[in-house]
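Chains as they are written, first to last, in the working numbering: chain A, 1 to 295; chain B, 1001 to 1235; chain C, 2001 to 2352.
By construction, these hints were calculated from the structure, which means they are not laboratory data. Quick reminder that beta carbons are idealized off the backbone N, C-alpha and C, glycines included. Hints should not be assumed to be uniformly reliable.
Claimed, not checked - Counterexamples of contact, computed for chain B against chain A with all Cβ distances above 10 Å:
1) 1007
2) 1102
3) 1123
4) 1164
5) 1165
6) 1176
7) 1180
8) 1193
9) 1199
What the hints assert, rightly or not - Lysine-lysine pairs mimicking BS3-like chemistry, simulated, CA-CA at most 30 Å apart:
10) 189/A / 1054/B
11) 165/A / 1054/B
12) 1054/B / 1005/B
13) 87/A / 2333/C
14) 165/A / 1015/B
15) 1015/B / 2333/C
16) 189/A / 1155/B
17) 87/A / 2285/C
18) 2153/C / 212/A
19) 2328/C / 87/A
What the hints assert, rightly or not - Which residues of chain C face chain A? A few of them, derived with a C-beta cut under 7 Å, are:
20) 2129
21) 2135
22) 2139
23) 2257
24) 2293
25) 2309
26) 2310
So you can see what is in the structure, the chains are spelled out below.
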Amino acid sequence: MLTYIAQQMVNGFVLGSMYALLALGMTVVYGILRLVNFAHGGLVTIGAFIFFYALSVLKINFVVTLVLAVLSGACLGFLLDFVAYRKLRGGPEVALLITSLGVYIFIENITKLLASPQPYAFRPPPLFLQRFTFKGIIFSNTDIFIVIAAVVIMVTFAVFVKRTKLGIAMRATAERIETARLMGINTNKVIVTAFVLGSAIATITGFMWGAKYGQISYDMGFMAGVKAFVATVIGGVGSIPGAMVGGFLLGFAEILLVGALPAGFAEYRDAFVFTILLIVLLLRPTGLMGRKEAL
Amino acid sequence: MSLLKVNNLHVAYGKIPAVTDLSFAVNDGQIVALVGANGAGKSTVLKTIVGVVKPISGSIFFSGTDITSWSADRRVRAGIVLVPEGRQIFTTLSVYENLLVGAYHRRDEQLRHDFEWVYTLFPVLKERAHQTAGTLSGGEQQMLALGRALMARPKLLLLDEPSLGLAPLVVREIYQMITNICKTGITVLLVEQNINIIIHLVDYVYVMQTGELKLHGTPQEVFTGEDIKRAYLGG
Amino acid sequence: MNTNFLFKHLKFLATATICYGLLLLANYTLDRYTLYIIALIGIYAIATSSLNLTNGYTGLFSLGHAGFMAIGAYVSTLLTFPVRLRIAYNLPLLPRFLGGPEFQWPFLPALIMGGLMAAIGALLVGITVLRLRGHYLSVASLGFMVIVTTLAKGLKDITRGAAGIQAIPHYANLWWIYGWLIITVYVIWRLLDSSYGRAMLAIRESEIAAQAQGINVTYYKIIAFVISAFFAGVAGGLYAHFARSIRPYEFSFSMTFYVVIMLIIGGSGTLLGPIIGATTITALKYALKPIEEGLKIYGLVEVIYAILLIVVMLWWPQGIAGGITFLKVLLLKRKKGGEENVRISAGKADGA
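Excised from the complex, chain A in its bound form (with noise of 0.2 Å):
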C-alpha cells in the first residue's frame, strides 16, 4: 500500500514538473501581455514533431537535436510575434486572443496536413527508455530527464529574471508597461524575449510530452495548451513561482484522480481538469500566489 502511494507521488511529481514548465512557458507571456497565448499549444507540437523527425527519421544526435529544437521554437516565437502579434499591440485584448487562437488551428491543421491525421509513436532514445526500481517504486530516464530538465530550467529562468537587467525589465514591464516606457525600457524587446523564452520552454516540454505518453498527435497541443493555462490559474495569475506551483499541484491532482477512481473514469481526465479550474475561479480566482489583478 505505502509503495502504491509513494508511487503515485513519484508520478506525481514527474507529470507536475512537465505541467510547470508548461505553466513557465505560457506565464512568461501572459505576465506582460495578459495575453492567453492558445498557440503555445501549438508550439508544443511543433517541439514534439521536431524531435520526432530529428531522432527517428533523421537519426540525429540528441544533445545536438536539443539544440536545434531550441533554436527553432525560439525563431518560430519571434516570428509568430512579428507575423500575427506584433500589429495588434495597443488593441483590445480579445483580438489578440482570437488572433491566437487562429494561430493554434494553423498550427494544428498544418500538422495534420503536412504530417498525419493518425498519431505517430514517440521514440526517444534508447537511453530514456532505462527504467529503475527502488524500493519498489519503478521510474525511467525519462522521468528522470523530465524532473532534472524542468528544475534546471525553472532556475536559470529565476536567476534570469532577477539577477540580469533584461530580466528586471521583463518584471517591471509585468507590472506596469506604460510605466517601463517612462523607464526608457524598450517594451517591444521585452515582448519579443518573452516569446522567444516561452516558446523555447514550448518545445522542450514537447519532447518531454512526447517520450512520457509514448506518442505525438497533431491535435496534442490542444490540452497541453489548456493545462499550461489552468496551471497558471491555480498558481496565481501573473506570478512565475505561481505559475510552476500550480503546474505541480495540477500534476498532482491529476495522478490522483486517476489513482483513485476506477479505471473506467480514465477518460474524464481532461473534464476533471477543467472543473478544477471552475472551482478555482469560484473560490479564489486570483490562485494561489497571484497578485490582485484588475478583475
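Following the hints, position chains B and C against chain A.
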C-alpha cells in the same frame, strides 16, 4: 535660456480637447509649478512633454532642440524624466531593483555613485533596499519614485501631484527633498493642486483652467487677488 | 406604439417574407445537395448570430458555443426519440416527470427545452466566471464544452457514449430552420434596440466606463450569455433533427472554431454579419471538400480558415459586414461633400 519651451500646444483625447493653445517656458534651475483645478489638463501637459501623449499641434523645445517628434524613451535619455501621478512604482520589485530600473537606459559606469547619492538623499531607501517596494508606506513610495527618477540623471524633472494621498507631515518632507534636488541643479516642473504648500517653494507659477493658460507669474503675483479665485472656482 | 416602431417592424416583416419567398423558390429549383447546404447554413447562421450576442455585442469572448449546441442537440433528441425505437437503440425511456415511458415529445417543446437546458448551463458557468476578466471566460467556456462532451461520451447509458445517436426523426427542415433564424435575429434586434442592448454595447466599449455609469456589468453579461446559449441550444437541436445523427466528437473545439470564424469573417457586431459569415464559410468548406478528399490532404480547409482568420484580424477586423458599412459610408461621403462643413461648425458650438 529656457530649458523647456512649449509653443501653442493642442492636445486631445479622441475628440475631447484637453489642452488648448498652451505656451509656456521653464528656465534652467527653476522650480516651476503648474496649477489648476481638476481636469484643467495639467497631467496631460506633463505626459505630452515626456512623450507618452502625442499632441495634435504645437511644438516642444528642450535646450533649444525641437523634440516634438521624439519618442518617449529618447526623451528620457535626453534627460526629461516624469514621476507619474500616484507614483507607479513597481510593487513586485525590490527598492533596489526599482532604482536600477530607473537607470535602465543609461549605459555609463556612474551607477554606483548615483545609488550612493540617492541613498544619501533618502536614507530610508537604503534601509529598505532589498524589501519589496509594495511594502513601503505612501511617503516612502514617493521617495522611491523620486529616487528612481533621479537615477535617470534628469535635467528636467517632471512631478505629477507629488502630494497626492500623503499625510501633511510627509508632504512637507517630500517637498523639502524636492527643494534639495533642485539645489543640485536639476530643473523641476511640478503639477500640484494643493497650492498652499508650494507658494513659498516655487520660483514661478502657471495657472491652467479647462486646458488653457489663464495666469502666470511669481507666486506672490499670482496667489493674491481675485484672479486666482476666478481661475479656480470659475467665472 | 409610435410610427417609427411600426415602420421598423414592417421593414423586418418584409425582409422575412422575401427570405421565405426565396426559400420557396430555392426549394423548387435547386437540387437536394444544395438544399442540404442551404439548410446547414441556416443552422450555422443561428449559432453564429447567438455567438454574436456575446462576442460581438457584449465584448465577451466565449469559446464554449459547441457545448451549448451539444446540450441542445442531446436534450431535444432524448426527448423526441420515438418510444418504439428507444429500446432497440439502447436509449432510456422518459421518466414520469418528463411524460413517462410511453411518451415522446413533439418537436417544438423539445427544441425549446434543449435551448433552456443550454441556457441553464450558461447561467451556472456565467455566474462563476463572468465577473472576471475576459480570458477567464474564454478558457472556462472552453472547459465547459469539454466537460459537456466528456459527459456525453461517458454517460453511456443515457447518450450511447461515443457512438452517438442515429436515426433521429427528421423534424427539422428548411422552414423550421429559417423560421428559427428569423426569430433569433428578431430577438437580437429587439434586444439591441432596448436598454439591455445599450448596456451591452457600453460594456463592450469599456467595462470600467460602463460600471462608472451605474450599469451592473455582471448582470448584463450574464443575460447576454444566457440568451446566446439558448439559441445555440436551439441550433444544436435543429442540427440533430436535420442531420439525423449526432456524436460527441462533432461538438468539439472544431465546431466552436467554425462558429467563431464565421462570426469574425462575417463581421461581429452587426446583424447581418453572422449570416454572411455562415454562408461564406460553409460555402467555402463545401467548395474545397472535393479538393481535400481528392488530394487526401486532410486539414486543408481548417488551415485556410486559420489563415483567413489571422489575415482578417490583422487587416480587416470588421469583417465583410463591416466592409460593407465602410463602403456605404464612403459612398455617402462622396455624395454629400458639402455636409462636412456644416457638421464641423456644429461641433465647435458644442465644444466651446
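Hint-by-hint comparison with the structure:
1. Non-interface call for residue 1007/B relative to chain A: holds, since the shortest CB-CB distance, roughly 24 Å, exceeds 10 Å.
2. The Cβ of residue 1102/B sits about 6 Å from the closest Cβ of chain A, inside the 10 Å cut-off, so the non-interface label is violated.
3. Listed as a non-interface residue, residue 1123/B keeps its Cβ farther than 10 Å from every Cβ of chain A; the least gap is roughly 23 Å.
4. Residue placement check: residue 1164/B keeps its beta carbon more than 10 Å from all beta carbons of chain A (closest about 16 Å).
5. Look at residue 1165/B: its CB is around 17 Å from the nearest CB on chain A, clear of 10 Å, so calling it non-interface holds up.
6. Its beta-carbon lying about 25 Å from the closest one in chain A, residue 1176/B satisfies the requirement of being farther than 10 Å from that chain.
7. Taking the minimum C-beta to C-beta distance to chain A, about 23 Å, the non-interface status of residue 1180/B holds against the 10 Å cut.
8. Even its closest Cβ contact with chain A, about 22 Å, leaves residue 1193/B beyond 10 Å, as expected for a residue assigned away from the interface.
9. Every beta carbon of chain A lies more than 10 Å from that of residue 1199/B, the smallest distance being close to 29 Å; the non-interface claim holds.
10. The hinted pair formed by residue 189/A and residue 1054/B meets the criterion: a straight-line CA distance of about 22 Å does not exceed 30 Å.
11. The hinted pair formed by residue 165/A and residue 1054/B meets the criterion: a straight-line CA distance of about 29 Å does not exceed 30 Å.
12. The straight-line distance between the Cα atoms of residue 1054/B and residue 1005/B is roughly 16 Å, inside the 30 Å bound, and the hint therefore holds.
13. Distance check on the hinted pair: residue 87/A and residue 2333/C sit about 29 Å apart at the alpha-carbon level, within 30 Å; holds.
14. For the hint pairing residue 165/A with residue 1015/B, the CA-to-CA distance comes to about 40 Å; that exceeds 30 Å, so the pair is violated.
15. For a cut-off of 30 Å, the pair hint linking residue 1015/B to residue 2333/C stands: about 20 Å separates their Cα positions.
16. Simply put, residue 189/A and residue 1155/B have alpha-carbon atoms about 26 Å apart, close enough for the 30 Å limit, and the pair holds.
17. A distance of roughly 29 Å separates the Cα atoms of residue 87/A and residue 2285/C; the hinted pair therefore holds under the 30 Å criterion.
18. At roughly 25 Å between alpha-carbon atoms, residue 2153/C and residue 212/A fall within 30 Å of each other, so this suggested pair holds.
19. Restraint check for residue 2328/C and residue 87/A: the C-alpha separation of about 26 Å stays at or below 30 Å, so the hint holds.
20. Nearest Cβ of chain A to the Cβ of residue 2129/C: about 5 Å, under the 7 Å cut. The hint holds.
21. Nearest Cβ of chain A to the Cβ of residue 2135/C: about 4 Å, under the 7 Å cut. The hint holds.
22. Satisfaction of the interface hint for residue 2139/C is found here, the shortest Cβ-Cβ separation to chain A being roughly 5 Å, below the 7 Å cut-off.
23. Hint on residue 2257/C holds. Least Cβ distance to chain A is approximately 6 Å, under the 7 Å limit.
24. This hint is violated: residue 2293/C has a C-beta 13 Å from the nearest C-beta of chain A, more than the 7 Å allowed.
25. Hint status for residue 2309/C: holds, given a least beta-carbon distance of 4 Å to chain A, under 7 Å.
26. Look at residue 2310/C: its Cβ gets to within about 4 Å of chain A, closer than 7 Å, so that hint holds up.
Hints 2, 14, 24 from the earlier list are contradicted by this structure; the remaining hints agree with it.
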